[in-house]
Amino acid sequence: MTGRVTIDADLNFVQGLIHHGGADLKKCYQCSTCTVACPLTPDEAPFPRKEMLWAQWGMKDKLVRDMDLWLCHNCNDCTDLCPRGAKPGEVMSALRNKTIEHYSYPAGISKSAKTMSGNVVLFLVPMFLIALVIVIQNIDNNFAFLTAKPIVYANMLPVNLVDLLFIPPALFALFNAYKAISSFIRGLKEQYPPTEKGESLLTAINGTIKDVLSHIEFKKCGTNKGRNFSHKLMMYGFIGLFITTNSVFVLHWLHEFGFDVQTTPLPFFHPVKILGNVSSVAAFAGIYLILRDRIKNSNETVLTLFDWMFIGNMFLIIVTGILCQVFRVGDHAYLAFITYYIHLVQVFYLIAYASQTKFGHIFYRPAAMIYSRYSGRNKNIFSNL
Amino acid sequence: MIKEHGKILVIGGGISGITTALEASEIGQDVVLVEKSPTLGGRVSGFHQYFPKLCPPTCGLEINYRRLRANPHIQIHTNSEVLSLSGDAGNFKVKIRKNPTFVNEKCVACDHCTAVCPSERSNDFNEGMNKTKAIFLPNNMAYPPRYVVDRPACEPGCSKCVEACKYGAIDLDMQVEEIEIQVASVVIATGWKPYDAKKLKNMGFSSVPNVINNIMMERISSVSGPTKGKILRPSDQKPVESIAFVQCAGSRDENHLPYCSSICCLGSLKHANYVMEQNPDAKIYIFYIDIRTPGKYEDFVVKVQAKPNVNMIKGKVAKITAGENGGVLVEAENILNLEKVRLDVDMVVLATGMEPNLKGQDRIAGIELDENGFVPMELQQQGIFSTGVAKWPADVNSSIQDSTGAALKAIQTSIGN
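As they're listed, the protein sequences go chains A and B.
Under our numbering, the first residue of the first sequence is numbered -10, with each subsequent residue one higher.
Under our numbering, the first residue of the second sequence is numbered 3, with each subsequent residue one higher.
Just so you know, the hints here were simulated from the structure itself, not pulled from any lab data.
Be a bit skeptical, because a hint or two may be false.
Said to hold, decoys possible - Below, computed lysine-lysine pairings styled on DSS-like, alpha-carbon distance capped at 25 Å:
1) A:K214 - A:K186
2) B:K316 - A:K285
3) B:K203 - A:K209
4) B:K285 - B:K316
5) A:K16 - B:K309
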């Protein structure tokens, strides 16, 4: 702390934060009640008080390279006790969104995900692409799939075409995530050089996976303790659905290559089908609980469009996914195909822009958690503050 | 000196009310002083020492009581409440209820009654930290110096004190009396109470042993207190060797008291002195957000801070739990070196803020308080003035100056009415 410190204040960054979830950050008077209330912070250089100060001063460089933003799990114990109503929990959340925007590659997509008009453009891409493929595929037989019985989604859009439509955006997303996360980790390394107290990379990865799967951090939360359950349900639901989708993909290609395996539509008691249905019920229950709590606590929590787009996207994927099956079994052709189309558009949005929307936390958070173990998160590294 | 003029009603008999009453009456103005409790003196009488001179309350109150005794223009109603107030500047009708103390003016405070009294009550003067008999002297410098009976604490049918009193001073059948008076102006000097620390869920008050508030600290340090002035922790009477002061316990907090109470920092610094006077080796920790010592008290901070065993830590304590062997564990972030601090100390003093006594009460009908329970200045136009902590958080010194001003204002309204 000795010597002179030049503060590089980015006032636009502060304004951005204030307008995107951190509206009350300037109320903070640095009492550090939040830091003591926080059940997750380490003792050395604890959060979120220092982040509140950095945010007020516009110290963007420090914040986007701050792993502590991602060690915070939005328990909101801090916001609850804050004597000024500065809502540190919400400021941390806004800072995470800002970090996603900062590292977003290509830069523009994350900015678009923050605005209504930007989101319209982001949605028009899959809406147009998928519609175009459906039209090209079915124009010759005059959209016969609408009247064919029983309802088979592959009649509208064969699995090969679905794969063709979704593999490129998935690769696009993975590449972007790689670009974003590698510069994020570079930032973390600059701000927190690894110390001898750190774990090996493998141990750190292993430990983080265990922490994420067990939700051990969420369990420590006081105020938002319900989120341990709802987030876990949703996470496992989505993991289940991810496995389901990939199994269907594998089954399809095995079938194509002449193996004797069942392909879609799978019978009700097929293991993959069971996994899919159980997962979607879990994911639905999870997202429902999250939505309910968010709405119930709307005076405490600040939800920006960026947050809503993510929650809404998740919600619509689950609901349309479930309805697809309901309408198919109930034999409502038009409803079934429209729902399926919406489902595909929503899934496209989730996958293609994964690292630029709030969904990006699935890359940033584990990366920061692994790095905090790997670096041995030590207060000495703050000597340059 | 002043001929045709109405009376002044002063509500509250603490240092502010007494000062207002004296300053006005010593020029011949008639004053009615109403005090809710059985004795005058208010908060000041409970202090061990008070600013600015750090003298015991006897030195300030005694001179005031002498002035009161010599003054023919003040009518004092202790153990009384103002029930209602109606009218306008120059012409108020006031209803006062005089609650019975069951002891009349014949009492000479000989203490024979307490020897025979079989019942006990929690001693509110010592913040409930010890007991008195059901018949008791409110404190060692009560004015009037007269015993009081806490009737609900009496054993049913008991009249042993009546028999023991040689002066016929005890009358257990004394009734409530209501009187109505006319006054020209009103001064509200109803004072404050410490913020109820039980509302601070994370501060462990009443759930963790040896967590006390600042008023309890005054009582523990005072020779008239439950420990005869020895600073011992309540749970086991162990002399305090380490102590933590938690500033802003309730103050500057929108969930509790949104304002700065202005005196608590000086209070804790003063308490640090109490501890050091008894045990120079005691470890003293003062956790603060900002140390605020308004006025000319800056040098006091510097003096206390320079003491070798005084440790000032920037960072608010936000968690208090039971420590080892009756100790108390306080948790804060030491902001200046970016580290969480956990300290196990013998005793913790919560520097609780000032809450106006009138807050949440409509005892005085027709008076609208501000959102924090203080008397708003706007009432001046109606001939209603306020002083001391009824108006805003203040120390004794500035309350006294304020009260002199309030007396002048009240006289101006009374003249010609």
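When the hints from earlier in the document are held up against this structure, which numbers fail?
1, 2, 5
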